[in-house]
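Kindly produce the complete structure, drawing on both the sequences and the hints.
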Amino acid sequence: MSARSINMVDRISYILFRLAEGIISVIPMRICYWIGSSTGTLLFYLLKKYRSLAIRNLRFAYGDSQSESELAKIAKLHFSTLSANFLCSVKITTLSSERVEDYVEFEGTEYLQKSEIEKTPIIYLTPHMGAWELLAQIKSVAPSIKQGAIYRALSNKLIDKHVLKRREQNGLKAFDRKDGFQAPIKHLNEGGGLGILVDQNAGYKGIWCPLFGKLASTSNLAPLMAKKTGATMYPYFVSTLKPAKWKITVRKPLLVDKGEKISKTTARMNLEVEKMIRSSPEDWFWLHNRWKVPKTNFLTYYHKRSYYIPNDFDRETLKKFKILLLAPNTEEKCQLSMGAIKKIAEGRPDTEITILCDSKLSSLWNSQENHFKIIEKCHLGWNKDLSEKITDSVFDAAVLFQKSKKDAKKIKQCGIPHVAGCSSNECNKFLDHVIKNDYIEGSSDHYLKIAESIGAEKTL
1 MSARSINMVD RISYILFRLA EGIISVIPMR ICYWIGSSTG TLLFYLLKKY RSLAIRNLRF
61 AYGDSQSESE LAKIAKLHFS TLSANFLCSV KITTLSSERV EDYVEFEGTE YLQKSEIEKT
121 PIIYLTPHMG AWELLAQIKS VAPSIKQGAI YRALSNKLID KHVLKRREQN GLKAFDRKDG
181 FQAPIKHLNE GGGLGILVDQ NAGYKGIWCP LFGKLASTSN LAPLMAKKTG ATMYPYFVST
241 LKPAKWKITV RKPLLVDKGE KISKTTARMN LEVEKMIRSS PEDWFWLHNR WKVPKTNFLT
301 YYHKRSYYIP NDFDRETLKK FKILLLAPNT EEKCQLSMGA IKKIAEGRPD TEITILCDSK
361 LSSLWNSQEN HFKIIEKCHL GWNKDLSEKI TDSVFDAAVL FQKSKKDAKK IKQCGIPHVA
421 GCSSNECNKF LDHVIKNDYI EGSSDHYLKI AESIGAEKTL
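Residue numbering for the sequence shown follows this note's numbering, starting at 1 and increasing by one per position.
By construction, these hints were calculated from the structure, which means they are not laboratory data.
A couple of the hints might just be wrong.
[As the list claims (entries may be wrong)] Pairs of lysine to any residue residues, derived as SDA-like cross-links and limited to a Cα-Cα distance of at most 20 Å, are as follows:
no.	residue 1	residue 2
1	LYS157	MET8
2	LYS320	PRO417
3	LYS410	SER424
4	LYS157	ASN7
5	LYS76	GLU282
6	LYS322	ARG59
7	LYS205	TYR151
8	LYS389	GLY415
9	LYS205	GLY180
10	LYS405	GLY415
11	LYS319	THR391
12	LYS373	THR317
13	LYS389	ILE375
14	LYS412	GLU331
15	LYS429	LYS389
16	LYS214	PRO294
17	LYS73	SER38
18	LYS320	PRO310
19	LYS214	ASN297
20	LYS403	THR296
21	LYS322	ARG56
22	LYS173	THR120
23	LYS247	LEU95
24	LYS49	THR391
25	LYS227	ASN189
26	LYS322	GLU369
27	LYS139	ARG99
28	LYS214	THR351
29	LYS342	GLU331
Given below as structure tokens:
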């Protein structure tokens with residue numbers, strides 16, 4: 001560890017963390033849970049940004065099956081449970097493995113016996129659920145197998161070193177992702193068990209496959225390692241039973257047919273993750289931006305691994321990636337933009353485009369064979385009803401085919417998480433993706449450049 005990489009803020013944060021840990025260690029577990037739960041409820045009301053993210057994610061997952069009030073209720077319970085589990089996790093790391101087990105029930109551990117007897121390596125498919133730090137402190141799950149886990153180091157090296165020491169105090173071997181995967185592969189080849197968190201957004205490197213019916217970029221690391229080492233993959237998670245009481249569940253192994261494509265296995269793994277989350281939704285980490293829109297190429301045409309939708313998945317139920325497209329402001333320019341819009345529509349299998357246009361141009365868009373959804377701007381421009389309609393539609397992204405400061409600002413204010421448009425001194429501060437476009441504004445190539453910049457097939 002380099003001393004130069006540690007600054008004063010790191011040192012102060014470390015001291016405060018150790019002080020908090022010391023205080024928490026002497027507080028009874030149920031009191032820790034109560035303090036954490038109450039704090040989480042308070043944070044639900046104070047942290048509007050994260051409250052909105054949690055509700056947005058829940059809306060993606062449950063759609064119209066839950067009302068807005070029901071989604072808010074789940075989100076509130078999640079804040080409470082997450083905060084309680086975080087505080088209890090800090091205390092758990094100060095206890096012996098035997099003492100930790102007083103707070104835990106087990107289900108399905110018999111599934112591991114076959115792998116344990118045959119000395120087959122194990123991969124634990126683990127989501128961020130419940131007090132997941134529990135899993136590093138338990139010895140009794142497959143006790144004859146040497147356990148390991150892949151982790152991501154914390155930015156504060158002092159806290160990271162301390163947390164790592166706590167995680168490894170009961171025999172777990174932790175492997176830093178940044179050190180590569182040769183060591184964990186060797187660990188598996190020697191018959192070990194390896195925990196991998198499988199519910200994080202994988203960005204451009206992932207495979208886009210359904211999670212709750214909506215495409216999510218998913219890491220294929222666990223299936224790749226299983227194929228390379230012959231390991232058996234088991235869904236493995238923590239859920240909260242009641243205050244200061246948790247259950248560790250092992251489910252039937254995810255069996256892989258010989259010759260099965262990694263993309264198919266990854267999609268099947270996502271379905272197992274979904275089942276785990278559905279079993280205790282308040283325990284999953286809804287504050288993670290799981291369906292995050294990539295910074296630039298949010299269309300999947302050129303993504304390294306693209307997407308995979310299982311053959312038995314009903315594509316009619318695939319939830320749409322909803323794009324609000326601010327149309328050009330003249331009929332001629334609208335006609336010239338049609339080719340680019342078609343490329344955008346073909347850019348991913350779940351695209352749904354809604355055209356935002358002046359009311360005088362709505363008949364033009366309604367006449368198109370693609371049957372776009374239309375939102376009209378009246379001659380007076382933006383009003384409360386228009387803003388509410390766009391906000392309530394919950395768009396994933398917006399693409400601006402005209403440079404308009406007012407439109408860019410209003411669209412961003414509607415809560416759309418990703419807004420893309422051409423560079424403009426007036427508009428740039430409202431854009432998440434600023435596109436450099438040297439083609440003549442209003443030409444067909446100008447619009448094709450925008451489409452290509454967000455990931456559509458290249459034609460220029």
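These are the hints, each one checked on the structure:
Proximity of LYS157 to MET8 is assessed by CA-CA distance (about 12 Å); at most 20 Å being required, the pair is judged to hold. Taking the CA atoms of LYS320 and PRO417, the gap is near 15 Å; set against the 20 Å cutoff, the hint holds. The straight-line distance between the Cα atoms of LYS410 and SER424 is roughly 16 Å, inside the 20 Å bound, and the hint therefore holds. At most 20 Å may separate the alpha-carbon atoms for a hinted pair to count; LYS157 and ASN7 meet this at roughly 10 Å.
Between LYS76 and GLU282 the CA atoms are separated by roughly 9 Å; this keeps the pair inside 20 Å, and the hint holds. For the hint pairing LYS322 with ARG59, the CA-to-CA distance comes to about 13 Å; that is within 20 Å, so the pair holds. Taking the CA atoms of LYS205 and TYR151, the gap is near 18 Å; set against the 20 Å cutoff, the hint holds. Restraint check for LYS389 and GLY415: the C-alpha separation of about 12 Å stays at or below 20 Å, so the hint holds.
With a C-alpha separation of about 15 Å, the suggested pair LYS205 and GLY180 falls inside the 20 Å cut-off, and the hint holds. With a CA separation close to 16 Å, the supplied pair LYS405 and GLY415 stays within the 20 Å bound. The hinted pair formed by LYS319 and THR391 meets the criterion: a straight-line CA distance of about 18 Å does not exceed 20 Å. Among the hinted pairs, LYS373 with THR317 is consistent with the structure: their alpha-carbon atoms are about 18 Å apart, no more than 20 Å.
For the hint linking LYS389 to ILE375, the alpha-carbon distance of about 8 Å falls within 20 Å, and the restraint holds. Distance hint between LYS412 and GLU331 is unfulfilled; the C-alpha atoms sit about 25 Å from each other, more than 20 Å. Between LYS429 and LYS389 the CA atoms are separated by roughly 23 Å; this puts the pair beyond 20 Å, and the hint is violated. For the proposed pair LYS214 and PRO294, the alpha carbon gap of about 15 Å is at most 20 Å, so the pair holds.
The hinted pair formed by LYS73 and SER38 meets the criterion: a straight-line CA distance of about 15 Å does not exceed 20 Å. Among the hinted pairs, LYS320 with PRO310 is consistent with the structure: their alpha-carbon atoms are about 16 Å apart, no more than 20 Å. With a C-alpha separation of about 18 Å, the suggested pairing of LYS214 with ASN297 holds against the 20 Å cut-off. Distance hint between LYS403 and THR296 is fulfilled; the C-alpha atoms sit about 18 Å from each other, no more than 20 Å.
The suggested pairing of LYS322 with ARG56 holds, with an alpha-carbon distance near 13 Å, which does not exceed 20 Å. Proposed proximity of LYS173 and THR120 is supported: the alpha carbons are some 18 Å apart, at most 20 Å. As the CA atoms of LYS247 and LEU95 are separated by approximately 17 Å, the hinted pair is consistent with the 20 Å bound. Taking the CA atoms of LYS49 and THR391, the gap is about 15 Å. The hint holds against a cut of 20 Å.
For a cut-off of 20 Å, the pair hint linking LYS227 to ASN189 stands: about 11 Å separates their Cα positions. As the CA atoms of LYS322 and GLU369 are separated by approximately 19 Å, the hinted pair is consistent with the 20 Å bound. Distance check on the hinted pair: LYS139 and ARG99 sit about 11 Å apart at the alpha-carbon level, within 20 Å; holds. For a cut-off of 20 Å, the pair hint linking LYS214 to THR351 stands: about 11 Å separates their Cα positions.
The straight-line distance between the Cα atoms of LYS342 and GLU331 is roughly 17 Å, inside the 20 Å bound, and the hint therefore holds.
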